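K.L.:
Turn these sequences into a full structure, and let the hints guide you.
Those letters in the sequence shown? Residues -22 to -1, 1 to 220, per mature numbering (1 follows the signal peptide of the UniProt record, and there is no 0), in order.
These are computed hints drawn from the structure, not numbers from a lab. Only a predicted model underlies this, so the values are computations on that prediction, with no experimental measurement involved. Glycine included, every Cβ here is placed at the ideal spot set by N, Cα and C. Treat each hint with caution, since some may be false.
[As the list claims (entries may be wrong)] What follows is a set of in silico ranges between Cβ atoms, one per label pair, in the way DEER data are often shown:
(1) D91 <-> P120: 38 to 46 Å
(2) P120 <-> I142: 18 to 26 Å
(3) L124 <-> N160: 40 to 48 Å
(4) Q37 <-> N160: 47 to 55 Å
(5) I90 <-> R171: 21 to 29 Å
(6) L124 <-> L177: 14 to 22 Å
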Amino acid sequence: MKPSLVQTSLLFLYLTSSPATSLPNKYIGRSAISGPSTPLPFLEEVEVSREFGKGRKGQLTTKISTLIETYPTSSNLFQGLLLFTLSDLLAQIIHSPPGLPEYTKSLVKLDIDRSLKAGIFGMFYSGGLIASWIRWIDFKFPSSRLGLNAIIKVLLDILVFGIIGNSLNILIRGCFSSGCPNGLNIVKLKMGRVFKNDLKVFPVADLLCFSVVRKEFRASFVGVVSLGWNTWISIVSYDEGH
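P.N.:
Right under this line is the structure:
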């Protein structure tokens, strides 16, 4: 019996969970911006300790930071899996998928298989591809304040993930839903609107993260922006009325 997509992906996640095989990584999420060489710039152990002292909240955050530092690759993959799965479930709760009665809002009635597929895609897309991209671009154009390097990062991010990334995001969802030919048609129909909305959200979000948002609050900021965006992408990709 051939392993399913879910089984194969979980096996990959397990194999990358060893500290010896984990690749150096710093970021997760499209707008998890620049910072020193910590796995996630918004989970800095030293700053967390200073902020919360020896309280339970500080200890928990420090443990999470240590875990991410020990298993950087698997941590990024897991967060990508969780983010995309949750965003697709939220999309289905907000807007029922095709073929589902409008009054149906129960999680039991939701297309869990669709959300798991979205999560598996997010594991490799957000946890692998975007994390590697952000690490590379931050290395090439280091910055912690608003300036030329920060603006260059924003422009490159618009080009690479505003156009290419969003197209791939929509295409894969379409392929999972009804085959790749239909996925290409969905990209052609929806990409113009998606890119216009991307320009309304991510340039400002990126600039804020690069220059304004304090590091201890970047996790919440990036999480809200990315979760909200991918929820909307799920709605757009699966609903012919959008």
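K.L.:
Determine for every hint whether it applies to the structure shown.
P.N.:
Each hint tested on the structure:
no.	hint	in the structure
1	D91 <-> P120: 38 to 46 Å	42 Å, holds
2	P120 <-> I142: 18 to 26 Å	24 Å, holds
3	L124 <-> N160: 40 to 48 Å	42 Å, holds
4	Q37 <-> N160: 47 to 55 Å	50 Å, holds
5	I90 <-> R171: 21 to 29 Å	28 Å, holds
6	L124 <-> L177: 14 to 22 Å	19 Å, holds
When the structure is compared with the earlier hints, no violation turns up for any of them.
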